[in-house]
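Required output: the full structure, derived from the provided sequences and hints.
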Amino acid sequence: MCAITAPSSSSTAADPPAGAAAVELHGITKRFPGVVANHNIDITVRRGTVHALVGENGAGKSTLMKILYGMQKPDEGTITLDGTQVTFASPADAIARGIGMVHQHFMLADNLTVLENTVLGSEKLHGIGDAARAKIRELSEAYGLGIRPDVLVEDLGVADRQRVEILKVLYRGARTLILDEPTAVLVPQEVDALFDNLRGLKAEGLTVLFISHKLGEVLAVADDITVIRRGTTVASVKPADVTSKQLAELMVGSELPTPETRESTVTDIPMLRVGDLHLTAVDADGVPREVLDRISFTIHKGEVLGIAGVEGNGQSELVEAIMGLRDPDDGSIVLDGADISHAATRKRRESGIGYIPEDRQRHGLLLEAPLWENRILGHTTERPNSRGMLIDAAAARKDTKRIVEEYDVRTPGIDVTAASLSGGNQQKLIVGREMSHQPKLLIAAHPTRGVDVGAQADIWEQIREARREGLAVLLISADLDELIGLSDTLRVMYRGRLVADADPAAITPEELGSAMTGAASGHLEDDTAARDAVVDKPAAPDTPGAADGGQGGGRTR
Amino acid sequence: MKRLDRDKLITAVGAPVLAVFAALVLTSVIILISGKDPFRAYQVMIEFGTTDRSAIYIVNKSTMFFLSALAVAIGFRMNLFNIGVDGQYRIAAFFAAAVGGALSLPGIIQIPLIILVAMGVGAIWAGIAGVLRTTRGVSEVITTIMLNSIAGAVIGYYLTAGRLGEKDGNLTHTPNLPSSSRIFMIETSVGDINGFVVFAVLAGVLYWFILNRTRFGFDLRSVGQSETAAAASGVDVKRMIVTSMVLSGAVAGLVGMPTLLGESYNYGTDFPLGVGFTGIAIALLGRNHPVGIALGALLWAFLERTGTQLEFEGYDQKIVEVIKGIIVLCVVIAYEVVRRWALRDQQRRVGEELAQARKTEKAEVGA
Amino acid sequence: MSTVTKTGAVAPAGRPPVDGGKRRLGLPQVLLLIAAGLLLLSAVRALTDTTNLTASAQIGGALALAVPIGLAGLGGLWAERSGVINIGLEGMMILGTFFAGWIGWQHGPWAGALAGVIGGALGGLVHAMATVTFGVDHIVSGVAINILALGTTQYLAKIFFADGDALAAGGTDKQSPQVDDMHTFSVPGLSDWLGDLEEKHWFFVSDTAGILGGLTNDVSYLILVAAALFVLTYYVLWRSAFGLRLRSCGENPVAAESLGVNVYLYKYAALAVSGALAGLGGAFLVTFTHIYLEGQTGGRGYIGLASMIFGNWRPGGTAMAAGLFGFTDSLQLRGGGEAVHALFLLLAVLLAVYAVWKYVRGGTRAAIAAGVSAVLLGALYATTDTVPREVVEATPYVTTLVVLAVFAQRLRVPKWIGKRYRRGEST
Amino acid sequence: SDSGSSDKGVGLAFDVGGRSDASFNESAARGYDKAKKEFDLGGKELTARDGETEADREQRLTSLAEAGYNPVIGVGFAYGKSVNKVAKDFPDTTFAVIDEASQAKNVAGVTFAEHEGSYLAGVAAALKTKTGKVGFIGGVHNNLIKKFEAGFVQGVKDTKPDTEIDVKYLYETDIKGFQDPLRAKSSAEGMLDSGSDIIYSAAGLSGTGSIEAVAAQDGAWAIGVDSDQFRDKALADYKDSIMTSVVKNVDVAVYDVIKSVEDGKPLTGDTAFALKDDGVSLATSGGFIEDVQGEIDAAKQKIADGEIKVSDTP
Ligand SMILES: Nc1ncnc2c1ncn2[C@@H]1O[C@H](COP(=O)(O)OP(=O)(O)OP(=O)(O)O)[C@@H](O)[C@H]1O
Ligand SMILES: Nc1ncnc2c1ncn2[C@@H]1O[C@H](COP(=O)(O)OP(=O)(O)OP(=O)(O)O)[C@@H](O)[C@H]1O
Ligand SMILES: [Mg+2]
Ligand SMILES: [Mg+2]
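Chains U, W, S and Z are the protein sequences, given in the same order.
In this note's numbering, each number is its position in the first sequence, counted from 1, plus 9.
In this note's numbering, each number is its position in the second sequence, counted from 1, plus 64.
In this note's numbering, each number is its position in the third sequence, counted from 1, plus 23.
In this note's numbering, each number is its position in the fourth sequence, counted from 1, plus 9.
Only true hints are included.
Derived coverage of chain Z by chain S (criterion: at least 3 residues anywhere in the stretch with Cβ under 8 Å from a Cβ of chain S; other residues may be distant):
hint	stretch
1	27-41
2	180-187
3	198-209
4	243-249
None of these hints come from the bench; they were simulated from the model.
This one's a predicted model, so the numbers in the text were calculated from it and none came from an experiment.
All C-beta atoms in this analysis are idealised placements derived from N, C-alpha and C, irrespective of residue type, glycine included.
In structure tokens, the structure reads:
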């Protein structure tokens with residue numbers, strides 16, 4: 010940790026040749042009711058560099074960037090751009106000063122076209138018609154974004170949406186770009202492409218502020234790194250001077266646990282058999298399309314089956330078909346010997362399916378209801394939640410207290426609403442609830458999305474433990490390290506079909522990523538070239554470098 | 065725990081107090097503009113509104129309002145907007161009256177039969193909206209608006225002499241119920257309280273019990289809070305929509321019963337109209353809670369009662385209509401303001417405790 | 024760059040590359056559809072011998088009945104496009120009638136119409152204050168506004184209309200004195216010629232002449248204003264920066280705010296316009312009948328809301344829905360049972376065509392449903408020769424329900440509609 | 010609580026519409042004003058709200074009776090049940106109800122022969138139509154309005170059997186039929202376009218709409234209702250198209266009731282204000298029906314003599 014200097018003294022350490030720094034944040038403090046999100050933060054960003062910001066969930070990174078973007082007003086501190094001190098009343102002011110921000114959660118209107126989303130708020134630049142369209146084409150071409158201006162955003166996949174977000178910023182002629190976790194939902198190839206774009210921008214003299222939980226990426230792309238912990242800057246480092254393990258420990262402030270060795274618990278008793286599953290869905294324009302095409306797989310007791318795939322390739326629909334939220338046109342779903350292909354969702358849950366949905370706020374929680382009612386959700390008919398036709402509130406409350414204890418849900422009580430918990434704690438509550446009914450099969454979609462490192466490890470541990478006792482798990486995740494580290498078997502889903510399978514012990518995230526884009530299919534193990542390089546990868550989620558896995562906030566549409 | 069209860073209390077009491085205060089101020093201004101004395105008006109309202117006979121009137125009238133609001137509230141709890149309670153109760157009361165007028169069974173059989181017919185017809189009428197919504201995706205707002213008007217036409221068709229009606233002077237009504245089919249009255253020295261109030265109270269208790277204590281109620285509320293989460297939790301959302309529309313309609317069917325069984329004994333061209341719309345306002349006032357609804361219904365009846373007396377005292381009785389609007393608006397705003405305050409307070413505490421936890425954690429790590 | 028092709032491959036499964044984004048009908052198709060509709064209407068007119076179906080006066084009457092509903096619906100569209108549900112349209116319309124009557128009888132119909140607009144806008148602003156500033160549930164606020172508007176106008180009517188000059192001029196606590204006539208507009212030369220043609224009762228030609236005549240002859244200026252407002256709404260909301268910003272508030276206000284759009288301001292503006300349009304609808308009632316009457320709106324605000332939903336939150340759709348409503352209402356009011364009876368045949372033919380079309384496109388179930396309905400309606404038509412008067416009244420409502428239930432709904436609701444939005448709250 | 014004294018004066022309860030509805034309430038108010046002046050009485054007027062129930066009307070009447078007003082008069086058939094009920098609690102007060110029958114011994118039930126008046130309107134219409142087609146627009150399809158329809162139709166048919174009659178109601182049950190001039194206007198235009206040239210509207214305030222439509226067409230006539238609408242200030246612009254009106258002399262009835270109480274011989278039981286008693290009449294203002302006055306008077310005579318029996322249901 011030789012290269013680490015105290016933040017206060019580092020502010021002018023790297024004096025840019027061209028005079029003042031692009032961005033200088035000084036003494037920024039921001040308090041929310043009961044929380045100090047930012048406390049006396051100092052950051053200096055040199056013009057024409059990529060400056061990374063890292064830190065745990067809730068460390069205050071997004072808040073700081075929102076302050077720089079004029080969305081939040083700092084309680085204390087100053088913002089200086091190119092040597093001039095400024096105050097922003099709204100994002101409009103920041104945009105006028107050449108700052109652009111790509112947010113952690115997509116800021117796009119689905120029902121509007123790419124063009125409309127792009128010109129919104131900056132109509133004065135090129136109007137809202139053909140001139141704007143031409144400008145978008147021009148930018149898209151210049152930066153290789155491949156954007157069609159008249160498509161509805163609704164019809165775009167995540168990667169395209171990401172590019173639209175970047176285009177929005179470029180369209181406004183931003184000189185300083187803030188990218189808040191732009192890579193969380195991208196596959197490695199897409200990340201590479203993005204980084205190429207960033208280097209291009211840098212070459213043109215633009216400044217980039219970049220937030221990511223994937224420390225490998227940070228080290229690869231950043232010129233400077235600032236570490237934030239509990240709202241304050243704790244270190245400023247150069248990528249050349251640190252390893253990702255050191256960086257992770259700076260973030261967390263203590264040493265990370267050492268990985269645990271894997272042992273296989275797979276049995277040969279099938280728990281879930283999906284055969285020839287077929288599903289068509291009608292989209293918003295009434296056009297039917299195939300979303301699941303002849304899907305077949307088996308999960309045994311004690312096995313974790315991981316499904317990799319770029320979002321929007323049918324994973325959600327597969328989960329929904331297994332949960333009974335969509336009725337398949339054809340094929341069978343057999344759980345523990347019983348055919349449940351067309352059974353009601355409740356029936357399925359009663360017969361032992363646990364469900365950690367990908368969008369916890371929409372599918373897993375009643376945000377306005379207290380925790381103990383959320384504990385009942387999904388298991389209304391089961392003990393201890395009910396007796397006969399009646400809800401057993403007392404028992405449910407008692408059990409909620411148990412879950413809060415056992416799963417370390419940080420909350421002042423079980424009567425607060427679910428909305429008032431942070432994302433990670435909401436997730437822990439869901440995991441605790443689903444595990445409390447001894448499921449035979451757990452469907453876990455992005456179980457650690459947006460959860461910080463500590464909680465993430467807990468959740469993995471819960472899943473492993475249950476697996477040891479014979480639980481079968483269907484794991485869907487955009488986090489390839491998590492997938493590789495946790496799964497016993499891996500399948501790749503592409504355009505509604507399972508196109509490839511792989512042995513998690515012998516595959517790299519890069520290989521998996523390329524299969525996800527449809528570039529490879531069949532059994533992926535034959536790829537010998539990567540074999541050697543991969544040796545110590547399997548347990549990725551637990552390795553210190555793992556802090557990579559701590560993907561921050563899940564993207565919601 | 066203690067704190068949360070205190071919060072609840074503040075929301076429950078603080079908001080209405082704030083609202084009533086604001087409403088009083090606004091109303092006073094309006095009365096003053098018309099050159100009259102507002103305090104005298106309030107005095108008249110309170111004095112007259114609290115007489116024994118007023119009390120009976122208020123109880124009787126609020127029975128109807130209460131049931132109507134309850135029907136609306138069932139929809140609201142599901143995020144369904146049943147504007148159709150008005151049509152539902154009228155068509156239900158009409159057919160119940162027709163059936164009741166045609167039979168002469170012993171009261172013990174016939175009264176329940178009439179009530180069941182009313183609930184059934186109301187349920188069917190509301191169910192149409194539910195089915196169209198789930199099978200054809202037609203918004204229940206449109207359907208219920210249309211069905212209100214269609215109910216009027218259907219009643220108009222059958223309520224003519226020679227069909228199901230009989231002419232009586234300037235009125236046309238269904239044949240009178242046999243005297244055995246009249247509901248009991250709770251007699252007092254100054255007048256009778258309609259016995260149906262007992263059923264209304266029962267309906268309120270059942271509403272509360274079913275929603276808060278049963279599995280079914282939990283499912284229903286979960287759909288209202290988040291359709292997606294409810295579906296993922298195993299609730300058949302479509303069926304729940306139809307079911308709750310049907311339930312709402314069945315309760316709407318009860319709205320006309322106090323009048324039919326205890327006052328008019330027939331459905332005539334003079335049957336009360338528009339109670340369904342009043343129900344919407346009262347459900348909102350009462351925040352879909354049975355006790356709140358009961359209070360709202362009583363308040364509404366109180367205002368109606370005292371309006372007439374205000375006119376007697378030389379005020380314009382329309383002032384009462386203005387007061388109603390102002391009260392509804394003030395109440396909802398006050399609830400919102402107080403709710404927001406409470407939420408912020410809650411979040412502040414969650415944050416504080418978390419920060420506390422972090423500190424202790426830090427201390428432990430440090431040690 | 025190489026990424027372009029690569030990322031092309033990552034496009035989500037099965038989504039066909041949509042190029043236009045929205046699938047819209049071009050002008051030729053629209054004209055063709057209109058011609059087909061006209062032909063059908065003419066055929067039914069000739070078959071059933073119901074001249075009323077295409078008489079110019081029927082069309083004129085339909086317009087008059089449709090305009091207040093359409094204006095309310097357009098008002099609803101503005102509100103809901105900005106993300107605010109407006110169930111308070113009825114109340115804003117009531118305010119419109121009151122203000123139009125109040126100013127109208129003293130200063131003439133144009134001043135009255137303007138006052139109606141202002142009155143409605145005031146209602147819209149109250150709704151904005153409650154929903155935007157105080158974050159009250161939209162439906163709750165709307166219902167409160169309906170009650171408040173009714174009560175206040177009833178209360179004020181006594182002061183404004185049943186006193187002094189107004190009383191002397193024929194006002195009462197329920198109605199205003201007479202409002203002067205606004206005069207009407209006819210396309211010069213055209214009306215006589217069309218009138219002659221219509222008299223001939225030639226198949227198709229006279230029908231077309233009748234419909235055109237209804238649209239060009241003796242049309243109230245306010246109807247022209249209303250028509251212009253529909254076109255204007257389209258251009259403002261879909262072709263201007265202002266409209267884009269306004270719609271973005273209804274789709275994703277958080278995104279809009281992040282791009283520097285003042286969401287509160289746009290919602291306020293949208294609701295003011297919404298109220299103003301509903302108010303104009305009310306003013307139309309007043310100018311058209313030359314009087315303000317208590318209860319004159321008769322639930323048209325609600326029907327306007329329904330027609331807006333029916334019209335899929337678009338001005339053209341709203342106009343069509345209001346037109347359908349006005350047409351059937353006018354038909355039953357003017358023509359009574361026989362005219363409505365002819366409508367059965369029209370509907371049966373329409374359903375049959377739809378059934379065939381659906382069948383060809385593979386929608387067997389919808390085809391069967393439509394087919395069966397067509398046969399039933401046809402049978403009903405063949406076995407009866409008029410509709411009982413008591414049933415006729417329900418025609419517009421039943422028609423609306425049938426149309427909605429049969430033709431599948433593919434609604435594109437503004438995404439953020441009805442949701443609370445607080446600046447800086449959600450991420 | 011039955012004071013019975015009449016020092017307080019007259020209690021008058023209007024129906025929805027109130028004192029100045031240009032219709033029967035206004036007419037009642039005229040009689041009341043006249044009596045008050047003539048006998049130097051006090052009085053209290055109260056008005057019904059929309060959407061009332063029996064209990065509200067009972068309350069209103071009770072308040073009046075309790076405060077010592079005598080007589081207490083309910084204007085409009087809506088008060089039928091409540092007047093008869095409340096009267097039993099105040100045996101020493103005289104009650105009266107307009108348009109409904111008496112069922113208690115201290116109640117005067119005053120009814121009018123609207124059908125007879127309408128018959129005369131039918132006679133006039135049949136004689137004056139040039140197209141041989143006339144129309145009737147009712148606001149709401151209730152029994153009272155059906156009485157108007159029945160008389161009118163019979164009058165037309167008896168006079169010229171081949172005259173066509175177009176009958177239309179705006180609403181079946183919804184009382185907003187009395188407040189929707191836009192629909193009345195549409196309906197009237199429909200009738201005019203299909204050849205009717207005389208339209209009789211019994212549609213309350215909606216009538217404004219149909220009268221306006223008629224006024225817009227040359228040679229067409231409107232027939233008004235309840236009061237002499239030729240003299241209605243709110244309709245001044247159209248008065249030259251108002252051929253006549255079927256007038257219900259509610260003022261006479263109200264005056265008579267008050268007078269009877271003043272005279273110490275309170276009216277009780279049913280009183281029919283028939284054509285022959287001038288309870289209903291055909292207005293002649295404007296002089297548009299002068300040319301057919303002879304036939305009208307003849308018909309009136311026949312009705313008075315009982316030679317013609319006018320049916321009160323269609
Ligand atoms: N609008 C707000 N109101 C109240 N508290 C807030 C608000 N926004 C953020 N916070 C608090 O400030 C802290 C910092 O949040 P922030 O979003 O900046 O974290 P982050 O570093 O971006 O985390 P992540 O990695 O999860 O994105 C959070 O823990 C949260 O408690
Ligand atoms: N606008 C707000 N007002 C009040 N509190 C807020 C607000 N936004 C966030 N918070 C609070 O901040 C805390 C953390 O929020 P945040 O969403 O940053 O959590 P997180 O752990 O980063 O989860 P996620 O991954 O879902 O973003 C929660 O307690 C939340 O209630
Ligand atoms: Mg963040
Ligand atoms: Mg976060």
